[in-house]
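S.K.: So the chains spell out like this:
Number of protein chains: 4
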Amino acid sequence: MAKINIGVIGYGYWGPNMVRNFFEAPGSQVTMVSDLRAERLPLVQSRYPTVRVTQKASELIEDSHVDAVIISTPVSSHYELALQALRAGKHVLVEKPLTATLEQAQLLIEEAERRKRVLMVDHTFIYTGAVCKAHDLIASGELGDVYYYDSVRVNLGLFQHDVSVLWDLAVHDLSIMDYILPMKPVAVSATSAAHVKGVPEDVAYLTLLFESNVIAHVHVNWLAPVKIRRTLIGGSRKMIVYDDLEPSEKIKIYDKGITLNNDAENVYKLLVGYRTGDMVAPQIEGTEALRTEAIHFLKCIAEGKQPLTDGQAGLQVVRILEAATLSIQEKGKPVELKTL
Amino acid sequence: MAKINIGVIGYGYWGPNMVRNFFEAPGSQVTMVSDLRAERLPLVQSRYPTVRVTQKASELIEDSHVDAVIISTPVSSHYELALQALRAGKHVLVEKPLTATLEQAQLLIEEAERRKRVLMVDHTFIYTGAVCKAHDLIASGELGDVYYYDSVRVNLGLFQHDVSVLWDLAVHDLSIMDYILPMKPVAVSATSAAHVKGVPEDVAYLTLLFESNVIAHVHVNWLAPVKIRRTLIGGSRKMIVYDDLEPSEKIKIYDKGITLNNDAENVYKLLVGYRTGDMVAPQIEGTEALRTEAIHFLKCIAEGKQPLTDGQAGLQVVRILEAATLSIQEKGKPVELKTL
Amino acid sequence: MAKINIGVIGYGYWGPNMVRNFFEAPGSQVTMVSDLRAERLPLVQSRYPTVRVTQKASELIEDSHVDAVIISTPVSSHYELALQALRAGKHVLVEKPLTATLEQAQLLIEEAERRKRVLMVDHTFIYTGAVCKAHDLIASGELGDVYYYDSVRVNLGLFQHDVSVLWDLAVHDLSIMDYILPMKPVAVSATSAAHVKGVPEDVAYLTLLFESNVIAHVHVNWLAPVKIRRTLIGGSRKMIVYDDLEPSEKIKIYDKGITLNNDAENVYKLLVGYRTGDMVAPQIEGTEALRTEAIHFLKCIAEGKQPLTDGQAGLQVVRILEAATLSIQEKGKPVELKTL
Amino acid sequence: MAKINIGVIGYGYWGPNMVRNFFEAPGSQVTMVSDLRAERLPLVQSRYPTVRVTQKASELIEDSHVDAVIISTPVSSHYELALQALRAGKHVLVEKPLTATLEQAQLLIEEAERRKRVLMVDHTFIYTGAVCKAHDLIASGELGDVYYYDSVRVNLGLFQHDVSVLWDLAVHDLSIMDYILPMKPVAVSATSAAHVKGVPEDVAYLTLLFESNVIAHVHVNWLAPVKIRRTLIGGSRKMIVYDDLEPSEKIKIYDKGITLNNDAENVYKLLVGYRTGDMVAPQIEGTEALRTEAIHFLKCIAEGKQPLTDGQAGLQVVRILEAATLSIQEKGKPVELKTL
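Chains as they are written, first to last, in the working numbering: chain A, 6 to 345; chain B, 6 to 345; chain C, 6 to 345; chain D, 6 to 345.
The reader is advised that the hints may include incorrect statements.
The list treats identical chains as one, so a pair stands whether inside a single copy or across any two.
[Claimed, not checked] Keeping only pairs whose Cα atoms sit at most 30 Å apart, straight-line, the calculated DSS-like set for lysine-lysine is:
{"hint": "1", "residue 1": "K202", "residue 2": "K257"}
{"hint": "2", "residue 1": "K61", "residue 2": "K121"}
{"hint": "3", "residue 1": "K202", "residue 2": "K338"}
{"hint": "4", "residue 1": "K61", "residue 2": "K8"}
Simulated from the structure, these hints should not be mistaken for laboratory data.
All values derive from a computational prediction rather than experimental measurement.
Just chain A, same shape as in the assembly:
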């Protein structure tokens, strides 16, 4: 089978990882890399002498030897570049978040459908063994009914210029939630603060409200002295702690919960009992997520399939981010998540 030719736009923080993974993935070869900044291009050439480079993204997009385009640039340029690439008949993989607005996401989805091209968003965590395991534990019913989802993603830096900490870090949590929770949120309440002049918010809190009594919450912070990547997922039967910084025990499953005691006669006795059993840290598949993701993208192209993190998955995250941004302006006032 012929190899799929990949062009990568943007060789900044994340682009080199894209190039490396599509370089090493079976079934693809990186043909071309572009970056506006001339000084980034020799870096590509010294590491990958066979790859062509250009400062002009449009040159890469129009190149007839490029089958698929990876867009690894600031969010503000995602829509224009992705649209151009789809119109040029390319398959497209866009870094998260998919676009800067809900409307842009909708237009990209329509364009991809019209052109019958793969549109995928780089929600990397969906391709990790840990998130996959959490998904399965919920889907199989092992957790019981989901009660809450609580995530903390904080550390010092890297500040972004064009987006706030919410659009930068919360994307990860929102994409994970969208993938593993069986229900969709109906409203969002968010608050945040900015402490550096001329830079967007560096700390934000976001609550997702559901029709049922499920609640989800995300805390993101660029100004924290320590790095924390911890998610608690509570269920009626079991509970999960997902700590992405643990080298091997990323997922811990606790056989813990409460039991109800109907001793209505004694109003002073607690009606709630506690149940604690074993904790299990299942073995987690350790393949680099971006490698799994690259292979998935290539497979979707080859077989004409819809990716796991397709345009709709990207749109759903942007929908929540847009609503959260509104809620922040109103100091936490809940904003409904309209279905289009």
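Got chain A sorted already, so can you dock chains B, C and D onto it with the hints?
M.R.: This is chains B, C and D only, laid out in the frame that chain A set:
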């Protein structure tokens, strides 16, 4: 000097700690203990044969040998018992939260002033070495400007019947914040969820908004599989991690932060730099907080002084809890904190 | 059934725990406490007004109302006091280590047999849920063949006057090993160092050698800046990490190991493969060990049974400590463990 | 200045790191790579198209375009290859341990001196910021007198064929000790065990004895269920915990220790008091050690200087390993460290 005679109302979860500490504190003796539940009284007598017991709180309150009354009962009874005790001329120490409503707190403060009696609320954490150290680091300017206060206080149980997790656990964080932050919040946005029929909310999130760009947030949860007691405090010069579960290094001070780079010419270069230096875990005074608190209460009585955690401190916490409860009903809509 | 009357000799560091547990255990009552130091006796009386006190141990031993004697004094006095008590017809529980010499241990065992009295040594850890679980995992074959036992027990203080860190701390590890390992060591090699004038060794290392390829090692240290209580137990099928400082997950069972690959043709290929599976932290019984131990002692007295930690268990630990002391003098030269 | 041309022998586990670092270091270029295994050579060529490859080490050694040779092969071949390279007039950097015997190390040192070539051993940890900091804390007197050095280096795998865990892992600790301790050991006592047929020992314990009361101990294990890299260094004034797995706080300095109390009158009072102060985790330089090491090697070549980890440093580690191997055969009997 004559010993101050202490009467303790309520011998449930926390009451025994009160009895033990006032039994051992120099300057006081526990004279009487009351509990509605007859079966609790023999426990007192077997441990403290010299202490008188009764089922009737009023008997204790009216006893002429009792100088000061500790109220260690469910929140709903705090106001009535404290009022009765103040009117009987006793000094009063009330378990947290001070009262169930802002109005009740106000009335107790007025009664204590009228009777010239000490009214103190049991905000225990204020009397720990760790909180004292955090307070001093902010007050001395070592942290610089405070940027945020973020606290997580979660574990499995104990469910309360008469109050939600907010009124049970968040009290600790709100009292600590009130003590160590140099500014007062102006509004609160809160969300929560309840998962057990007939029992109040078990998970809650609360954001405090300030006039400036300071932000404070509390996450409390009775249904978490692991116990976490961690507070992050960010400042312009340094940052603190306060982990109450660390056996000895409860406070860690990070010489970390950001520096601004005014290289306005290059829009692609980050304007924000990072500064990381040493981390210091100062030695923390390890005396049991309740012992320090007991001694402080006795000293305030002896010297006619206002306690550190006086009625106003108790009222301020109740004010925020009341507003948060309103905000929860409105799914996070911000509620202003009226000054009386 | 009549309660067993307990006399406790020594009210220093550990004695108060003995008094408290036998005070609260069903089936016993503490009748008398003795301590050479007059100033310790009022402490007993203020907490336990019904208990008689004396400075003379012999008075307690001879008292006709005392059925069993707990010896909670420095090691050097264990033998004399225990012998006297056995001769007076009392059952005896001695703090660890049982005696200062192997010969003394042997004589106590003989005296107890002659008098048909219970002789028990306070190897407290044997009565914890964690050690019990580790024992069961080995006994049931779940670990496979035992490969090694490695324990680290270090912290700052408490320095002892009459015994080295080996006789103070390593006792715990040796008693646990003796209980859970299915084979007995045949020799010991040990090294140590002393850094404080006039005080015995504060750091020691001890290797136990076996007939097979099992190896056991203990590291004890009174001068460590951090507290560590961690034991690794390697087996052919599974491995255990037992961390006594973990609040709830004290025992972790790793489904890890190696697999042999008989690819003899390729000398460059590794013959050893690695197997990693789930980790399980089983729920551990949390009763205070000393309570379980107290109840066990009372049961052995009532039913005339041999305790789990009988004289022989105490003797085996002293045998190893004596040999290790010799080895230390010879800078690690192995010393055989004679069977008597 | 002309670049120094580097030839790397061995492209297995560690060789690729050597190639990468000398490829990126200023002042050198990798000219040639050799490996006995033909299948390893295309890997080199795909990543570094400009590098020549060969199966024959001698071809690389004799190549006139090679100035310095890196030997990254199994220990058994170190001596022959290094000797050949020195005789061909090349500078040599040998992976640890330097040689398989003390005599070989001595001969290499002599050859290097005769040829006036740089002979350096790859004791990587000496070039880390953490070890550098520990060295400075001892050298500056901040720790006071060194009391003990205790290191644990355990994990599951990688089993080696030609050397035991002692020769594989303990090298790291011995090289660090040799660098940071101001005194030299005089004897060694070691024990070990092997659990896999046909493979050397997988667990070993090694005590170093000194003229003074300093003691050093190393525990290495290839069969541990968890990864531990922790060193405790006790001093009379302060103590260090060096945990190489900590992402940022690798070195913690504890202001802890003991104080002597000369209250000789009261034999029951402890003579030893405890002092605990702040803990400081200094910021550690984070450059990859191998990069620092490569630059140091190049500098020594350019300036004709003796490297920090020269032949003598390599010899000293081999001396201890050889003695430890003897001690293991005698089950821990101490073996003196002869000075040549």
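S.K.: Classify it for me, K61 with K121: is the Cα-Cα distance of at most 30 Å met within a copy, between copies, both or neither?
M.R.: Intra 26 Å, inter 54 Å, cutoff 30 Å: intra-copy only.
S.K.: Since the copies are identical, ignore which copy is meant and state whether K61 and K8 lie within 30 Å (CA to CA) inside a copy, between copies, both or neither.
M.R.: within (24 Å within a copy, 35 Å between copies)
S.K.: Should K202 paired with K338 be assigned to within, between, both, or neither, using CA atoms and 30 Å as the limit?
M.R.: Answer is both; intra-copy 25 Å and inter-copy 27 Å each pass.
S.K.: Should K202 paired with K257 be assigned to within, between, both, or neither, using CA atoms and 30 Å as the limit?
M.R.: Between copies only: 27 Å across, 40 Å inside.
Taken one by one, the earlier hints all hold for this structure without exception.
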